[in-house]
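Trainee: Sequence:
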Amino acid sequence: MTSSATTVFAAHLLAWYDRHARDLPWRAPPGEPPTDPYRVWLSEVMLQQTTVAAVKPYFRAFTERWPSVEALAAAPEEEVMAAWAGLGYYSRARNLVKAARAVAERGGFPDTETGLRELPGLGAYTAAAVAAIAFGRRAVVVDANVERVVARLFAISEPLPAARKAIRTKTAAITPDDRAGDFAQGLMDLGATICTSRDPKCLLCPLAGDCAARIAGDPARFPIKPPKKVKPLRKGMAWWIERETPEGAMVWLVRRPGKGMLGGMRALPDDGWSARGDGIGGEPGEPLGLVRHGFTHFDLELSVVRGAAPLGEGEWWRIDRLDEAGLPTLYAKAARLALD
DNA sequence: CACTCGTGGAA
DNA sequence: TTTCCAAGAGT
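Under my numbering, residues 1 to 340 are what the first sequence spells out, in order.
Don't read these hints as lab results, they were simulated from the structure.
There could be a bad hint or two in this list.
[To be verified] Calculated pairs, DSBU-like style, for lysine-lysine (alpha carbon to alpha carbon, straight line, at most 35 Å):
no., residue 1, residue 2
1, Lys201, Lys235
2, Lys235, Lys170
3, Lys56, Lys170
4, Lys228, Lys165
5, Lys225, Lys170
6, Lys231, Lys259
7, Lys201, Lys231
8, Lys235, Lys165
9, Lys333, Lys231
10, Lys259, Lys333
11, Lys231, Lys165
12, Lys56, Lys201
13, Lys333, Lys228
14, Lys333, Lys98
15, Lys225, Lys56
16, Lys98, Lys170
17, Lys98, Lys229
18, Lys170, Lys201
19, Lys225, Lys259
20, Lys225, Lys201
21, Lys165, Lys56
22, Lys56, Lys98
23, Lys229, Lys56
24, Lys225, Lys165
25, Lys56, Lys231
26, Lys259, Lys98
[Stated by the list, open to error] Pair ranges (Cβ atoms, derived):
no., residue 1, residue 2, range
27, Ser91, Lys229, 14 to 24 Å
28, Leu160, Lys231, 15 to 25 Å
29, Lys229, Ala166, 22 to 32 Å
30, Val8, Glu79, 21 to 31 Å
31, Ala82, Arg22, 21 to 31 Å
32, Glu32, Ile319, 46 to 56 Å
33, Leu160, Ala249, 47 to 57 Å
As the structure is a computational prediction, the values presented were derived from the model and not from experiment.
Where is the CB? At the ideal position from N, CA and C, for every residue including glycine.
Please build the complete structure, drawing on both the sequences and the hints.
Mentor: This is how it looks when you write it as structure tokens:
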């Protein structure tokens, strides 16, 4: 799907991007040489299903602590997991370490989309994005922003997810041979700031004159989304187990199994609410309170109770340094509740 | 294709 | 307060 000519869409978009590109820590200004592939890759993985605002502090912390892919490859996995705590989708952190070690082993990042695609954690989107942004390759980059912009641009009336095939074809048709990375970032910036999911700012849009959905009069209607299903409510229990020592108060922490919910992360011992048979069990103790936490596909009501003795395999952790334990948000909430 | 896998900010 | 959803990947 190569178009030898730069499309009118690409010309309009690139002209807009040159003036309005967002200033992001992992991004080189338009026209300047591409940034370090490590920084591009790291930011793209962090940005998967995650907002720019949430990523910024983590990106700074990671690049300061591990300035290169070699440094990250040499890091203990548990330290990386703890540093990722709070960012969500923890399989990304596990795959990040695997990919870093593979890259260090082979002496650098693959510089093609196909090569990048073989690294763990790099799917169709991320491989294309890194190939285009870090290596100047022509790649068809489709994320949720591009999906929305292109669905509107061509007024694609087929509902998702079936529409993705047509959206990809259209995106390929308007992707230029040169500056594919800037083009992709331009489409994403446009989607993030102008062609937003709700209340698109068509008056400010550089593609308004080309947009079939706007001409049709109801751009926000696209893309057509399938109805969403109801989130079930699960209930669970977790134990807050303290011990006094000469060094201060300690709490008993376990590490969750490598796969599944919050996989590989430190946690409070629980009763297996995540429904994978990994609960440790124990006797209900003095109730400390209730934590409500929303996951992607269910809500959890976690009852936090005091426990007397350690449950399962774990470690005593100094409560005054609990912020260094790398607890995912669910358990950070539980700890806050127990300590209040 | 359908489902799992987090989180926090915006409206 | 609830709902929506964001630079998706893996199975």
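Trainee: What are the numbers of the hints the structure violates, in ascending order?
Mentor: 1, 2, 8, 30
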